[in-house]
Amino acid sequence: MSDSISNLPPDPKATEHNPSNLRAEVDGSIAQGSFDLASRRLAELWRRDPASGTASFVTSRLDELREKLREKTRDQLGGELGLTKFKLAILRSFTVEPIVPLFRAEAFAYGIDLGVHVGDFNTYVQDMLDSQSSLYRFAPNAVVLAVRADQAAPELWRDFADLAPEAAQQAAERVVRSYEQWIATFRKHSQAALIVHSLERPSSPSLGILDDQSEAGQSGLIRQINRELRRIAAEFHGVYVLDYDALVARHGSEHWHDERKWLTARLPIAANHLLHMAREWVRFIVPLSGRTAKVLVVDLDNTLWGGVIGEDGMTGIKVGPEYPGAAYQALHRALLDLSRKGILLAVCSKNNLDDAMEALEKHPGMLVRPKHFAAIRINWTDKAQNLREIAEELNVGIDALAFLDDNPFEREQVRAALPEVTVIALGESPLEYASAVRNCAAFERLTLSSEDRQRTEMYAAQKQRTGAEQTFQSKEDFFRFLEQEAELEPVSDLTLARISQLTQKTSQFNLTTRRYTEPQIADMAKKPDWQIFSIRVRDRFGDHGLVGVAIAHDEGEQCEVDTFLLSCRVIGRTVETALLAHLAESAVQRGCKRLVGWFLPTKKNAPARDFYLQHGFNRQEANGTGSLWTLDLKSSTLRCPDWIKLKVTTPLNHGN
Amino acid sequence: MADSTFERVRSVASDIFGIPADKITAESSPETIENWDSMQHLNLVLAIEEKFGVQLEPEDIEQMKNIGAVAALVEKLQSAPR
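In the order they appear, the protein sequences are chains S and A. Read left to right, the first sequence gives residues 1 to 656 (this note's numbering). Read left to right, the second sequence gives residues 657 to 738 (this note's numbering).
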């Protein structure tokens, strides 16, 4: 049976919901108090018509929804609609106001309720240097430093031909030193992420083609500044470069710029590229706010290869180095790149298992093979059900899934049944599939840990473990068989990124769900009354990597657990007991008498609900947000399970 | 069902100014629309350029005194030979 659309009934929603009907439906839903439906229709409207007018509509209705929800539940938009709140400040040397609605609407499409503060024109230096500035009062999660070359490096931008080579070089160095000073000061005043625009090269250098004959020309020096910006960014935690020069080049400098708007309104970007600026910013805030996809689930027929395996057979499907099969290989390469970033791949296809597996295993044109897929569902069940099972098998939330399918009907069905899934919009031509995957912000990452690089292998080992578990009579026998080794490590520059990443991404076994950036972790690590532990776990099947974090804070004789979390892949293997026992032991050594901790329930952290109860804590109090548990350290019998070999690495340095 | 240029301009203006389309007439102007300030004027210009694929000159932008004038301008630009 074909996977093609002709066999399926037309999607009623596609004809019914044209943009103006959608607007009316949004307003109707808001009036009736169906906020969830209103939010879904807003997302659909944005998907169909991502333009400036739509953006104004979407953001005004989002603000309205927020107000209504506040009246109703005193809750932020986050709770009810499942959006993540994020505050971002833009420091700028040009007009960005018309980009802001596009930015907020696009962020909303990725599940982010974005609040934006725009700094005054060209006050970015004062804003960063003055700890009392409106920038710091806004308390942003992230800051964009959007300064153009004409402001940041005026000498190199205008009248360049007047400068002696030495003076030009000195001017470039001055620019770099200024950035270095701003960034260092910013980092002293704020732990927010900082996204620095690189400087664009002039599209018409003052000396024409002569400029390119030397590294000391106008373009060469701006390139040099950009290289230095990357070096500076790497020296600070949470500072990133947005390659504005490359962004402009990608869309074509001649098209990107609008001289009329620049001279009349200080807006250098043409109307139809404002969305591209907004999307580039969104690529950063998706990983910063943790709204990333962890798994990409792909269809097979007409997605991973051209044609239908069940009808066209091994010799009929199109996949290989020549067109049209080459388009599918380009997609395979994009998938493999995701896999190298730690994003798991999975298959969900309506097919006969044997036919499809034969193609996956043996077709010479396939660059992705069964070993690249952490889960495979090839059957005739509906895709939403299969996606639920894949999420369960891989131990991730439904919202961690992204879905790639050439068939609009399947995409619409998944969107309707599982609105949390990131459904990737595909055009008609397979030539666009690879870039659709590469451009999806849900796959962006700002740091890569060694865990990320090895994730696919780790999941393969996990499959073996699950197989082994079923052959044991008791849990304890299984734990002994696993030969788990846990290593407790102090925070270091090597583990900082991963610790922050775990606080950002762990939702299930997480007692307080407090999200921390790298600079925040680094800052805590410097304080003597704060303790940060991380746990790395190995067993006979392989290395799980750094999978758990505990953060504690001493107050007199009491040690309070601020954060306690464990990656879902080791839940239920008693590693959590080992980590807690170590936390308790270290508290005793520092002279504490009590260990206390909050359990703050969320939609997702039910697996951690009974954790304190199971480990001998008593419930001390409960309020609307959670329950506080306490353990008397003197009478506690909390010990590391004897089947876990525990190794404690003593801190050499405290933080960085 | 092809909407007239005026109707399409009106729906863009409705989004930008946050008022229902049926409250907007050809005579609607900064005098009658409360938040039609200079920043919203820029937003309207950008949305029109994006939606209709036209490029407005600074001189054109000054002529956009009311919604009817905007629609007329768009029609002129779209019919002009390139």
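Mixed in with the good hints there might be a few duds.
[Stated by the list, open to error] Simulated crosslink set (SDA-like; lysine to any residue; CA at most 20 Å straight-line): (1) K87(S) / E44(S); (2) K634(S) / Q620(S); (3) K679(A) / N21(S); (4) K679(A) / G28(S); (5) K679(A) / K634(S); (6) K679(A) / Q620(S); (7) K732(A) / K679(A).
No lab work stands behind these hints, which were simulated from the structure alone.
To see whether the hints hold, each was checked on the structure:
{"no.": "1", "hint": "K87(S) / E44(S)", "in the structure": "violated (24 Å)"}
{"no.": "2", "hint": "K634(S) / Q620(S)", "in the structure": "holds (17 Å)"}
{"no.": "3", "hint": "K679(A) / N21(S)", "in the structure": "holds (17 Å)"}
{"no.": "4", "hint": "K679(A) / G28(S)", "in the structure": "holds (18 Å)"}
{"no.": "5", "hint": "K679(A) / K634(S)", "in the structure": "violated (73 Å)"}
{"no.": "6", "hint": "K679(A) / Q620(S)", "in the structure": "violated (59 Å)"}
{"no.": "7", "hint": "K732(A) / K679(A)", "in the structure": "violated (25 Å)"}
Going through the hint list in order, the structure does not satisfy hints 1, 5, 6, 7.
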